[in-house]
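Asker: Could you slot chain B onto chain A? The hints should help.
2 protein chains.
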Amino acid sequence: MKKVYMDYAATTPVDKEVIDEMIPYFDKYYGNASSIHSFGRDAFDAGEKSREQISGLLSANADEIIFTSGGTESDNLAIKGAAYLNKKKRDSKGYHIITSEIEHPAVLETCKYLEKQGFNVKYLPVDKYGLIKTKDLEDAISKNTLLITIIFANNEIGTIEPMEEIGKIAKKHDVIFHTDAVQAVGKVPIDVKKLNIDLLSLSSHKIYGPKGVGALYIRKGVKLQTIAHGGGHEKGLRSSTHNTPGIVGLGKACELGMNRLKKDAAHMKNLRDVLIKEILKVEESYLNGHPEKRLVNNAHFRFTAIEGESLNLMLDDKGIAGATGSACSSKKLQASHVLLAIGLKPEEAHGSLRLSLGRMSTKEDVSYVTEVLPEVVNNLRKMSPLWNR
Amino acid sequence: MKKVYMDYAATTPVDKEVIDEMIPYFDKYYGNASSIHSFGRDAFDAGEKSREQISGLLSANADEIIFTSGGTESDNLAIKGAAYLNKKKRDSKGYHIITSEIEHPAVLETCKYLEKQGFNVKYLPVDKYGLIKTKDLEDAISKNTLLITIIFANNEIGTIEPMEEIGKIAKKHDVIFHTDAVQAVGKVPIDVKKLNIDLLSLSSHKIYGPKGVGALYIRKGVKLQTIAHGGGHEKGLRSSTHNTPGIVGLGKACELGMNRLKKDAAHMKNLRDVLIKEILKVEESYLNGHPEKRLVNNAHFRFTAIEGESLNLMLDDKGIAGATGSACSSKKLQASHVLLAIGLKPEEAHGSLRLSLGRMSTKEDVSYVTEVLPEVVNNLRKMSPLWNR
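Those protein sequence lines, which keep their order, are chains A and B. Counting in my numbering, the first sequence runs from 1 upward without gaps. Counting in my numbering, the second sequence runs from 1 upward without gaps.
Rather than coming from a laboratory, the hints here were simulated on the basis of the structure. Don't take every hint at face value.
Some chain B residues judged to face chain A by a derived CB distance under 8 Å, without partners named [as the list claims (entries may be wrong)]:
1. A10
2. N32
3. P125
4. Y129
5. V296
List time: in silico DSSO-like cross-link candidates among lysine-lysine, alpha-carbon distance up to 30 Å [said to hold, decoys possible]:
6. A:K135 <-> A:K116
7. A:K263 <-> B:K28
8. A:K318 <-> B:K28
9. B:K28 <-> A:K262
It should be emphasised that the depicted structure is a prediction, and the values quoted were computed from it without experimental measurement. A virtual CB, placed ideally from N, CA and C, is assigned to each residue, including glycine.
Only chain A is shown next, with the shape it has when bound in the complex (with noise of 0.2 Å):
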């Protein structure tokens, strides 16, 4: 059977050269990036390596880069680390962070475990596209603000927040600013001195990278409190055993990112283009996020009576790989947070598909979805008593 992959968003396979420059570092320069000998300084020097390649594709500096297991152990210690850290220098209660509704659960989550800690959190809300109003973040700043964790590109609806604007109004009141770029990264030029950026979470693995390994941006002279004590590696913020084969390929994969971003964004985004006019054409179909201000390889999409998991299980038994929410909370029941936050009735945001693609799509992929979509949805909804009203 005919396989489509178009679930870019959820995890990216590894790209050729990635995995070429990994695998000499498994059984050949296998050393302990903390070992004196040369064992160890082969490691070591490779991790180097790779805090340049990433540092690049960021416009940071080398050493702001500190290695970590992936986004959501990036986004864990970007924000308790920061709230630790900070609480103890405030010398008033009610310590507050900002974020928005439309977080990444690793963002989201770790927030309201905070607040279970005695942090407030504001959750800002967002208009009918995913966008945050400055104003309310502007609004919502106090003198007990620690730190703002926006979201750089939605993982589900991939609208693109307002980076800029944030990061100034995050300079102008002197709070930290934190932003989960893990969508983001590879697909849209990031300057993290130019956004005014002080963390930034990133992953491997959905930049053509191996899974299990990410990094963390801390602008210069940012401080966080550790979250994995140990033998203190990474300047003492993220005790591990470097995973050197994974450092590795994190940093190929930001070089390859760097290098190709330009050609990478414009392929996605002829392909996303005629795939949401496409199925546009569909009965009822609408797009769930900004039309403009989303990522190039996000196409998300609802149709009315269908039940986004029944149409992904049909996509699956047609080869195509879709998503109804992020991959993460696939298999939860609930309503996406996301789509009920821009609006969205229950209904509606069960009603969804997510399609994202990658580096290594075809026009063919998408000519096979554009072709088998519509089939499946008129399907199910002759199935559906909500469509046959």
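Answerer: Just chain B now, kept in the frame of chain A:
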């Protein structure tokens, strides 16, 4: 130059069979294990297979295994997770954790952090071989004791703690028993049920698996509070997209570890015994750790009037990779807390060398080291004012 790796306790090369098993998961079966489509199901199934393989090595059940990014995270989750959750359940102050003075930093630093959070921690002393006394343990237990965490086999000197007795005491007093078994796994047969172990940390890269992945065994019924907030993976205990290639590699490494346990152990012990016998012929050289109750791959020496750091650098010049303390602490200047705990003076501790063997070690490796090391020690002593006293 000849290269001899004798730092298997720091990390190991990935076994060829493990690499072969992992490779297809980079770009063929690359789905997100949380996705409901076929790509996701392939990844999910691979994870379940790995759980079987890991649990097999420990005589646990597959559903008692959760995946982490490595030993450090497993230790952090086990100790903080048990402490935080159980704190809520107790009605009196002074919650109590019992550990030893010779734990790995991942345990020790976590315990120190918990002390700052208001927990009481008892650090059990050890004898000159590095063994805790079970009577000390029994005496330290009170009704407020939440957790006992004792390393299975020490990462520096290789001493194997009396796990069976500790397990019995923990069970008798109904206290959760965690062990960092990172060094013991694959070298010592482990039956968590028989040993009454509730929580066991293991790391992939110490057993010829890839870096960046580990596991925590959690006995059915033992509850922990998560420390990684997010999508709710691993029954809500460890949010993060599955590192499927890493998980597959860890699983295979455990399967090999189980099948080869006797063979590997005999091989390492044979080589180690020759190594110890030959090296102890050096004037004023001593073995640290227990003569019998020690890991089959561990040889830990001290040499009067020698600085371990210089010794390692000179050995490195000859192509030999050894270690002073653990790799995690190798770039620190303090004397090893383990060696101080067994009663060595700081200068004795600084004169120590760990040589650790592995599956790939050969007779030739041992011959080369037994030939080169005495010369190097002699040369260093010639330069030492402490020796020519």
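Asker: Can the restraint linking K263 (chain A) and K28 (chain B) be considered satisfied, given a maximum Cα separation of 30 Å?
Answerer: Holds. K263 (chain A) to K28 (chain B) sits at ~24 Å (cutoff 30 Å).
Asker: Quick check on Y129 (chain B) please, does its C-beta sit within 8 Å of some C-beta on chain A?
Answerer: violated (24 Å)
Asker: Checking one constraint from the list: CA of K135 (chain A) to CA of K116 (chain A), max 30 Å. Satisfied?
Answerer: Measuring from Cα to Cα gives roughly 27 Å; hence the hint holds.
Asker: Could you grab the alpha-carbon distance between K318 (chain A) and K28 (chain B) and see if it respects the 30 Å cut-off?
Answerer: The hint holds at about 18 Å.
Asker: Was the hint right that P125 (chain B) lines chain A, CB cutoff 8 Å?
Answerer: violated (22 Å)
Asker: Let's test the interface hint: is any C-beta of chain A closer than 8 Å to that of A10 (chain B)?
Answerer: For A10 (chain B), the interface hint holds, since the closest Cβ of chain A sits about 4 Å away, which is under 8 Å.
Asker: For the pair supplied as a hint, K28 (chain B) and K262 (chain A), confirm whether the alpha-carbon distance does not exceed 30 Å.
Answerer: holds (26 Å)
Asker: Does V296 (chain B) meet its interface restraint, that is, does its C-beta lie within less than 8 Å of any C-beta in chain A?
Answerer: violated (20 Å)
Asker: Close enough to count: is the Cβ of N32 (chain B) nearer than 8 Å to one in chain A?
Answerer: holds (4 Å)
This entry does not satisfy hints 3, 4, 5, going by the numbered hints stated previously.
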